[in-house]
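**Student:** What follows is each chain in one-letter form.
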Amino acid sequence: MSGHSTDVELVVDGLTIRFGGLTAVESMSFEVRTGEVLSLIGPNGAGKTSAFNAITGYIEPNGGTIAYRGIKLNRLKPNQIAERGVVRTFQKTSVFMGQSAVDNVLIGLHLISRQRPLAIMFGLPSVAREEKELAREALRILEFVGLKERSGLLASSLPYGELRLLEVAIALAAKPKLLLLDEPVSGMNPSETASFMKILGRIRALGVTVLLVEHDMKMVMGVSDRIVCLNQGRIIASGSPSEIQGNREVIRAYLGERYARAQD
Amino acid sequence: MKHSLTIVWLLFLASVPLWLSNLYILHVLIMTGIFIIAAMSLNLLLGYTGQLSLGHVAFFGIGAYTSSLATLGFAVHLLPDWQVSVDPKPVWFGMLLGTAVAGLCGWAIGRLSFKVRGAYFVIVTISFAEVIRLVALNWVELTQGPMALNNIPYLTLGIPGWFEISFLRKPANYYLVLGVAILSYIVIRRLVRSRAGRAMIGLRENESLAASVGVGVTRYLVLATVVSAAMAGAAGTLYAHYIRIVDPDVFLFIYTVTMVIMVVTGGKGTLAGPVVGGVIFGLLPEALRAFEIGPEIQWVIYGILMVLVVYFLPEGIVPAMRNWWQGRRQAPVADTAPDSATTEAAR
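Going down the list, the protein sequences come from chains A and B.
With my numbering, the residue at position 154 of the first sequence is 154, and numbering never jumps.
With my numbering, the residue at position 346 of the second sequence is 346, and numbering never jumps.
One should not assume that every hint holds.
To be verified - Below, computed lysine-lysine pairings styled on BS3-like, alpha-carbon distance capped at 27 Å:
1. Lys198/A <-> Lys77/A
2. Lys132/A <-> Lys89/B
3. Lys92/A <-> Lys2/B
4. Lys77/A <-> Lys148/A
5. Lys77/A <-> Lys115/B
6. Lys218/A <-> Lys177/A
7. Lys170/B <-> Lys72/A
8. Lys198/A <-> Lys218/A
9. Lys170/B <-> Lys89/B
10. Lys132/A <-> Lys92/A
11. Lys132/A <-> Lys177/A
Derived by calculation from the structure, the hints in this document are not laboratory data.
Predicted, not measured: the structure shown is a model, and the values here were computed from it.
Generate coordinates for the entire structure from the input sequences, incorporating the hints supplied.
**Tutor:** In structure tokens, the structure reads:
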């Protein structure tokens, strides 16, 4: 597999995560190829979010390595990982509630901005120039996810579906090369999910690689190039959506032993 | 409209010494101004990063003591047979040094305590202030302890023999404090409306999300602490060269509490908040003296007013005024054409 290192974006090798006596993830290995949408699926507690947290530096794994384009991410802080182009969203709706939609995205533009503290305090003209550019860029990103009309509204006043879009807008502002989406459509209604799938298509068209954790199987089957299925911290299957749909282990994990036997 | 209002307001402030003949009131204004600068600096930490420094007076006192010692000169035994002596330096240099040393202490405190945040930061800052107070009280050779540093020189600016402005008298000090306050206000405004300020607000509202888009947590908390500490230190140097006597009581906890009251009642996380809160709660004790009531009643009234403000305007005075003003302006428009008005605004 490592022979294809030029088009491999992320390599997770032997990842193990324990919380006290509980093993959340056990020697998990998979890779994300440049430009694809890879989905991690599995029942609740399978270790999907733990894997996400380890990749983005929010928890330290007990074993294994995570490498992004050949650079080891282990022991880097979340912000250092973001600097390398790996940006995530959160399972629980996570925005800056007290700020307007456009200010949310402006905070997300942190890595794009080049202002230094002294330049800011001395009020150099370059800072004012950049501020104007950033404001335009923030509106462009809001337009991209379809929230331009909401730019001036407080995040706390937005409906749930739009908050989830705002989260994606904040992540996109950091100009990710690899975007990790943690259950982006959970709690959305079918039409919101459908429009989110369109946005995901446009994110792909930008050349962003996507690693997706999602329970909505319609969405997963519709957008993924490959799927990795976890159960109780281990990878039980991986392959294309059609391969996963017919996989006996996957059916067993989701629906139980009896259902799997009934299929035969 | 907003610009002209600012200019009128500044002209009014600048004109005060011209028509105010009561020097005592001018003194109260100067002291209030010094505390407003300290409160603004606290607001950068408390209001924008959400970290409460309950030892903020330490930076104020460090600025005051550093500047006083540098301008008075001192000789101190660091080891029994190793004496360090420093000749008196010019006052402007002492004030810059005081500001810088306070900022440096802010850096150290920030680096040490932002590994842990919230309550731990509060405890570290309280302890820091108390330790510094004990040092000031007991290192008599350096600080004169409770005998206080006195005869601190006043600031003079200009070229000797050609022209000189001396900041001995109250009107001159009023303008000095006003100038530093305006400068501090501008620096804070620039910071909070920039990448750095947005990073601080992001950390306050949702630290893990801010980190996920690349905000360095420690970096921006430390930046806020350094700027805040340096500004409080600058206020301390103004105090030292205006009052011209500094004793360990500058580290009293009540001064930190006064700053916190100013920030919280005015509206933390707003630019005007500490100014409004500072004017009200800085001048209130003096205003209450005008009435023929006992001092204990004055402080009871002070306390009651404070509780009322916090109870009825928990966000602070400035945000409450802003909401009220926006509600008033939008109400008539919304009555006539609610839909078109909001979509117009959004575009």
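**Student:** If a hint holds in the structure, say so; if it does not, say that too.
**Tutor:** Structure-based check of all given hints:
1. Lys198/A <-> Lys77/A: violated (32 Å)
2. Lys132/A <-> Lys89/B: Given pair Lys132/A, Lys89/B is violated - Cα atoms ~44 Å apart, limit 27 Å.
3. Lys92/A <-> Lys2/B: violated (41 Å)
4. Lys77/A <-> Lys148/A: Violated, because 32 Å separates the two Cα atoms, which is more than 27 Å.
5. Lys77/A <-> Lys115/B: holds (13 Å)
6. Lys218/A <-> Lys177/A: Measuring from Cα to Cα gives roughly 25 Å; hence the hint holds.
7. Lys170/B <-> Lys72/A: violated (63 Å)
8. Lys198/A <-> Lys218/A: holds (14 Å)
9. Lys170/B <-> Lys89/B: Holds: Lys170/B and Lys89/B sit about 23 Å apart, inside 27 Å.
10. Lys132/A <-> Lys92/A: Violated. Lys132/A to Lys92/A sits at ~32 Å, over the 27 Å cutoff.
11. Lys132/A <-> Lys177/A: holds (25 Å)
Hint compliance for this structure: hints 1, 2, 3, 4, 7, 10 are broken, all remaining hints hold.
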